[in-house]
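Trainee: Chain residues, written in single-letter form:
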Amino acid sequence: MQVKIDPSALERTKWHEYVVRFVFGGFITAAAGILAKEYGACVGGLFLAFPAIFPASATLIEKHEKEKKQEQGFDGTERGREAAGVDAAGSAMGSIGLLFFALFVWQFMPRYNDWMVLAGATSIWFGFGIAMDTSKANLMGLNGTH
Amino acid sequence: MSQILIRFVVRGLVVSVFALLGDLLKPKSFAGLFGVAPSVALATLTLTVAKEGASYAALEARSMIAWSVAFFVYASLVSWVMMRHKPKALWATICSIPVWLCVAFGLWYLWLG
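Heads up: the protein sequence lines correspond to chains Z and X, in order.
Per this note's numbering, the first sequence starts with residue 4, numbered consecutively.
Per this note's numbering, the second sequence starts with residue 407, numbered consecutively.
Worth flagging that the hints you see were computed from the coordinates, not collected in a lab.
Worth double-checking, as some hints may not be accurate.
[Unchecked claim] So, partial list: chain X residues that the calculated Cβ filter (under 10 angstroms) puts toward chain Z:
(1) Ser422
(2) Gly428
(3) Leu430
(4) Thr454
(5) Ser474
(6) Ala476
(7) Phe478
(8) Val484
(9) Ser485
(10) Pro493
(11) Trp506
(12) Cys508
(13) Leu516
Treat the numbers as computed from the prediction; the structure is a model and nothing was measured.
We treat Cβ as the ideally placed atom computed from N, Cα and C, and that holds for glycine.
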């Protein structure tokens, strides 16, 4: 799998789309904090990573892919929705990495340096995500073509 | 009140940065990893560690395990629906949230409750 950076995505994203993500993310995470304070860490933890930016991101991906295809003279509706579906599949794989992130923090946070544990857990999540995506790409014979 | 406002701004920024990374990266299946990034978790856990201590943060992390399983089911469902029936992304993602809630709270009830 070849990971690339596509700076043109920044040009396609409008300022109000950033605002929507900021407000979504800020609101949900603040709500998680309030719930944790009110009902305890267990309930708060459930909302620690509520699909906060997922609907907004999926909608933006669909819109941007559609616009790209329309610039080439195609309808682009189907392509946009497929791209959102592929992004969701990536998120599903990322959630497995997140499970290991949470397991690591749960097991090691009380015993070791907090910041080291957070850094280690993030590395595990990231490494696991890359490994999963590479395996999937190899299995499907894809090399960054989607 | 100011504490809530600070949390809102800090977490909103962290989530936005992860979303930006997701925009920049290709292929989309890799970029999707940032949609579920522990951005929210990192921002919240960092503040929790500083304010409530490591044991409390560890307890929150334990609940995150249930969340991760719920999100896996949710994102897989959204992906399947999008690829097979191709509805609008907003509809697929919003209408699937009850599934996330059921799995998350089901696990919480069975395991943590």
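Trainee: If a hint holds in the structure, say so; if it does not, say that too.
Mentor: Quick rundown of the hints versus the structure:
Interface restraint check: X:Ser422 against chain Z, minimum CB-CB distance 5 angstroms, threshold 10 angstroms, status holds. Residue-level restraint check for X:Gly428 holds (minimum Cβ-Cβ distance to chain Z is 6 angstroms; threshold 10 angstroms). Look at X:Leu430: its Cβ gets to within about 5 angstroms of chain Z, closer than 10 angstroms, so that hint holds up. About 8 angstroms separates the beta-carbon of X:Thr454 from the nearest beta-carbon of chain Z, less than 10 angstroms, and the hint is met.
Hint status for X:Ser474: holds, given a least beta-carbon distance of 4 angstroms to chain Z, under 10 angstroms. Nearest Cβ of chain Z to the Cβ of X:Ala476: about 8 angstroms, under the 10 angstroms cut. The hint holds. The beta carbon of X:Phe478 is positioned within 10 angstroms of a beta carbon in chain Z (closest approach about 4 angstroms), and the interface hint is therefore held. Hint status for X:Val484 relative to chain Z: holds, with the closest Cβ pair at about 4 angstroms, below 10 angstroms.
Here the hint on X:Ser485 is kept, as its CB sits about 4 angstroms from the closest CB of chain Z, short of 10 angstroms. Interface hint status for X:Pro493: upheld, as the beta-carbon distance to the closest one in chain Z is roughly 7 angstroms, under 10 angstroms. For X:Trp506, the interface hint holds, the least distance from its beta-carbon to any beta-carbon of chain Z being 6 angstroms, beneath 10 angstroms. Given hint, X:Cys508 at the interface with chain Z, is violated; its Cβ is 12 angstroms from that chain's nearest Cβ, farther than 10 angstroms.
For X:Leu516, the shortest C-beta to C-beta distance to chain Z is roughly 13 angstroms, which exceeds 10 angstroms, and the interface hint is violated.
In this structure, the hints that do not hold are numbers 12, 13, in rising order.
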